[in-house]
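Asks: Sequence:
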Amino acid sequence: MPLVDDPMDESTPWLIDDLKERFGPTDCGLILDQTHDQPVWCLTVSGFERWFSEVEGCLDQTLGRRLAHAAAESEEWHWNQSPSLPKSWFKQQNKRISTINADWNLRGQGQLGFLENNAQSSTVIVANRTFTALAAGMGNAAWESIQEHRFRFQWSDRGAGETVVEMTDDSRQIPPPTPSIPSWKDRTGIICDHERLFHRARHEIDGLWTVEGNRAMMLSQDCILRFEHLATSYLATTDRSSDSRTTWAGIESHDQIVFWDAMAEASRRQFLASGELVLIASVEHWIDVANRHLSLFGLGRVSAARNIDDNGGVELTLPSTFHPAIVTGRLLGCWERAEGRGAKAKWSCSQDGHTIVLESRREIA
Numbered sequence: 012m013p014l015v016d017d018p019m020d021e022s023t024p025w026l027i028d029d030l031k032e033r034f035g036p037t038d039c040g041l042i043l044d045q046t047h048d049q050p051v052w053c054l055t056v057s058g059f060e061r062w063f064s065e066v067e068g069c070l071d072q073t074l075g076r077r078l079a080h081a082a083a084e085s086e087e088w089h090w091n092q093s094p095s096l097p098k099s100w101f102k103q104q105n106k107r108i109s110t111i112n113a114d115w116n117l118r119g120q121g122q123l124g125f126l127e128n129n130a131q132s133s134t135v136i137v138a139n140r141t142f143t144a145l146a147a148g149m150g151n152a153a154w155e156s157i158q159e160h161r162f163r164f165q166w167s168d169r170g171a172g173e174t175v176v177e178m179t180d181d182s183r184q185i186p187p188p189t190p191s192i193p194s195w196k197d198r199t200g201i202i203c204d205h206e207r208l209f210h211r212a213r214h215e216i217d218g219l220w221t222v223e224g225n226r227a228m229m230l231s232q233d234c235i236l237r238f239e240h241l242a243t244s245y246l247a248t249t250d251r252s253s254d255s256r257t258t259w260a261g262i263e264s265h266d267q268i269v270f271w272d273a274m275a276e277a278s279r280r281q282f283l284a285s286g287e288l289v290l291i292a293s294v295e296h297w298i299d300v301a302n303r304h305l306s307l308f309g310l311g312r313v314s315a316a317r318n319i320d321d322n323g324g325v326e327l328t329l330p331s332t333f334h335p336a337i338v339t340g341r342l343l344g345c346w347e348r349a350e351g352r353g354a355k356a357k358w359s360c361s362q363d364g365h366t367i368v369l370e371s372r373r374e375i376a
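Residues 12 to 376, numbered by the numbering used here, are exactly what the sequence shown covers, in order.
If you are wondering where the hints come from, they were derived from the structure by calculation, not from laboratory data.
Check before you lean on any hint, since a few could be wrong.
Said to hold, decoys possible - Only pairs whose alpha carbons sit at most 20 Å apart, straight line, appear in this in silico EDC-like list of lysine to aspartate or glutamate:
{"id": "1", "residue 1": "K98", "residue 2": "D197"}
{"id": "2", "residue 1": "K196", "residue 2": "E374"}
{"id": "3", "residue 1": "K98", "residue 2": "D71"}
{"id": "4", "residue 1": "K106", "residue 2": "D48"}
{"id": "5", "residue 1": "K357", "residue 2": "E263"}
{"id": "6", "residue 1": "K31", "residue 2": "D48"}
{"id": "7", "residue 1": "K106", "residue 2": "E65"}
{"id": "8", "residue 1": "K31", "residue 2": "D217"}
{"id": "9", "residue 1": "K355", "residue 2": "E127"}
{"id": "10", "residue 1": "K355", "residue 2": "D204"}
{"id": "11", "residue 1": "K102", "residue 2": "E65"}
{"id": "12", "residue 1": "K357", "residue 2": "D321"}
{"id": "13", "residue 1": "K196", "residue 2": "E326"}
{"id": "14", "residue 1": "K98", "residue 2": "E65"}
{"id": "15", "residue 1": "K196", "residue 2": "D217"}
{"id": "16", "residue 1": "K196", "residue 2": "E65"}
{"id": "17", "residue 1": "K196", "residue 2": "D180"}
{"id": "18", "residue 1": "K31", "residue 2": "E65"}
{"id": "19", "residue 1": "K102", "residue 2": "D114"}
{"id": "20", "residue 1": "K196", "residue 2": "D363"}
{"id": "21", "residue 1": "K102", "residue 2": "D48"}
{"id": "22", "residue 1": "K357", "residue 2": "D197"}
{"id": "23", "residue 1": "K31", "residue 2": "D204"}
{"id": "24", "residue 1": "K31", "residue 2": "D20"}
{"id": "25", "residue 1": "K196", "residue 2": "E263"}
{"id": "26", "residue 1": "K98", "residue 2": "D114"}
{"id": "27", "residue 1": "K355", "residue 2": "E370"}
{"id": "28", "residue 1": "K357", "residue 2": "D254"}
{"id": "29", "residue 1": "K196", "residue 2": "E206"}
{"id": "30", "residue 1": "K31", "residue 2": "D44"}
{"id": "31", "residue 1": "K355", "residue 2": "E374"}
Stated by the list, open to error - Derived Cβ-Cβ restraints for the label pairs, each shown as a range:
{"id": "32", "residue 1": "S109", "residue 2": "G68", "range": "37 to 45 Å"}
{"id": "33", "residue 1": "R352", "residue 2": "I202", "range": "38 to 46 Å"}
{"id": "34", "residue 1": "A130", "residue 2": "A284", "range": "32 to 40 Å"}
All C-beta atoms, glycine included, are put in the ideal place defined by N, C-alpha and C.
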C-alpha cells in the first residue's frame, strides 16, 4: 500500500524505477543494495543528523572525524566491489566522475566536483551533500578511486550544502579495507515487493531526492559498522551509565556495550522527537507498528510478538536487523509512545534471529 493515498502524488517515476532496480526490499524487512548485497538504511537526512548528534551527546564526544574516516573506508570498499571505473585516453577523469555521480545520485549523497589539482594536492567539492562528515570521507575515497592514489584529507563546510575536501599525497602503504562483518546473525531473506520509503521518491536536483518534502538518503550497514569500530576504540575510559535502559546478551566488550547503549538511546530520542504516533490495542499490532517504523526504512521486521506481563511487556522476534542497537532504540521509542511511560529492553540473538523484550522501566505496583 502507498504511504499516503494522495491524488497529488509528486513522486518521480523514473527515479523510483531506478531505485527499485538497485535496492531490493526483503521479506525480512531489510533493503539490499544489489550491487553487492549490502543492507542499507533509507532515512531522512534530518533524522540522521538528529541521531548522530544524540550519539555524540550520549558519549560526550565529538565523532565527526571518525564518521568521515568510516565513510572513506566504506566508500573505498564499495568501489573495490563495483565494476572498474572507466579507462580511457580521452577525458578519463570526467568519465570516472560521471560514473561516481550516477551512483551517488541514487544513494542521495550529492555530487562530486573537481576544483583544482597540482603535483602534491587536490581539491574537490561535494555539492548538494547530505552530512558534511559523510561527504568528506566519501569525497576523499571517490577521488582516490579516480586517481588510483592515496591521499590524506581535511574538509571545510561552505554552507549551502557544499563540502570542500582538500587532499595531499599520502605515500604510506595502506592495504585496502576488508569486509566488515556484523557481530550478530541474520537471516538472508528473499527479495519481495514490500513498500519502502524510497517508493515515493521525488527527484529535486542531481544527487538529491526527497520523500514527501523530506530529503532522504541511503546509508550502508558497512559504513555504520566501520563507524562503530572506529568509535569504540576511544571508549575504554568511558563509564557505562548505571541506569542503562538496554541489556545486550552475549556482548562482552565494555566498549561495544557503551557504544550500543548510545546508539540505542539516540534512536529512542530521535524517534520520540519525530512526534510519530503509535497505537497498540493488542499484541498483534506490534507487527504493523514494526512494518511502519522499521521495515519502511530497511531496519528489519517483527515476525512474532507475545505478551509477557499485564503492563504492556512484550517479546518481539525479528529474523534480521540493520543494526540491533538502532532497532532496539527505535522500538523503545515506539513502546514509550504507546504506553506513555519509560521502557527498558533486552536484546539477544540466536540462529533463529533476534529477540527483543520491551517492558516498563520501573516496576508497577
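Asks: Evaluate each hint against the coordinates.
Replies: Going down the list of hints, with the structure as the test:
1. K98 <-> D197: Roughly 38 Å between the alpha carbons, so the hint for K98 and D197 is violated.
2. K196 <-> E374: 32 Å, violated
3. K98 <-> D71: 46 Å, violated
4. K106 <-> D48: 25 Å, violated
5. K357 <-> E263: 15 Å, holds
6. K31 <-> D48: 14 Å, holds
7. K106 <-> E65: This hinted pair is violated, its Cα atoms lying about 39 Å apart.
8. K31 <-> D217: 18 Å, holds
9. K355 <-> E127: Violated, at roughly 52 Å.
10. K355 <-> D204: 33 Å, violated
11. K102 <-> E65: Answer violated: K102 to E65 is near 44 Å, above 20 Å.
12. K357 <-> D321: 18 Å, holds
13. K196 <-> E326: 18 Å, holds
14. K98 <-> E65: 43 Å, violated
15. K196 <-> D217: 37 Å, violated
16. K196 <-> E65: 27 Å, violated
17. K196 <-> D180: 40 Å, violated
18. K31 <-> E65: 31 Å, violated
19. K102 <-> D114: The hint holds at about 19 Å.
20. K196 <-> D363: It holds: about 9 Å lies between the C-alpha atoms, which stays within 20 Å.
21. K102 <-> D48: It is violated: about 31 Å lies between the C-alpha atoms, which goes past 20 Å.
22. K357 <-> D197: Holds - the C-alpha atoms of D197 and K357 are around 18 Å apart, at most 20 Å.
23. K31 <-> D204: With Cα atoms ~9 Å apart, K31 and D204 stay inside 20 Å; holds.
24. K31 <-> D20: 18 Å, holds
25. K196 <-> E263: Holds, because 16 Å separates the two Cα atoms, which is no more than 20 Å.
26. K98 <-> D114: 17 Å, holds
27. K355 <-> E370: Distance of about 6 Å is within 20 Å: holds.
28. K357 <-> D254: 14 Å, holds
29. K196 <-> E206: 24 Å, violated
30. K31 <-> D44: 10 Å, holds
31. K355 <-> E374: 11 Å, holds
32. S109 <-> G68: 37 to 45 Å: 39 Å, holds
33. R352 <-> I202: 38 to 46 Å: The hinted range 38 to 46 Å holds for R352 and I202, with Cβ atoms some 39 Å apart.
34. A130 <-> A284: 32 to 40 Å: 49 Å, violated
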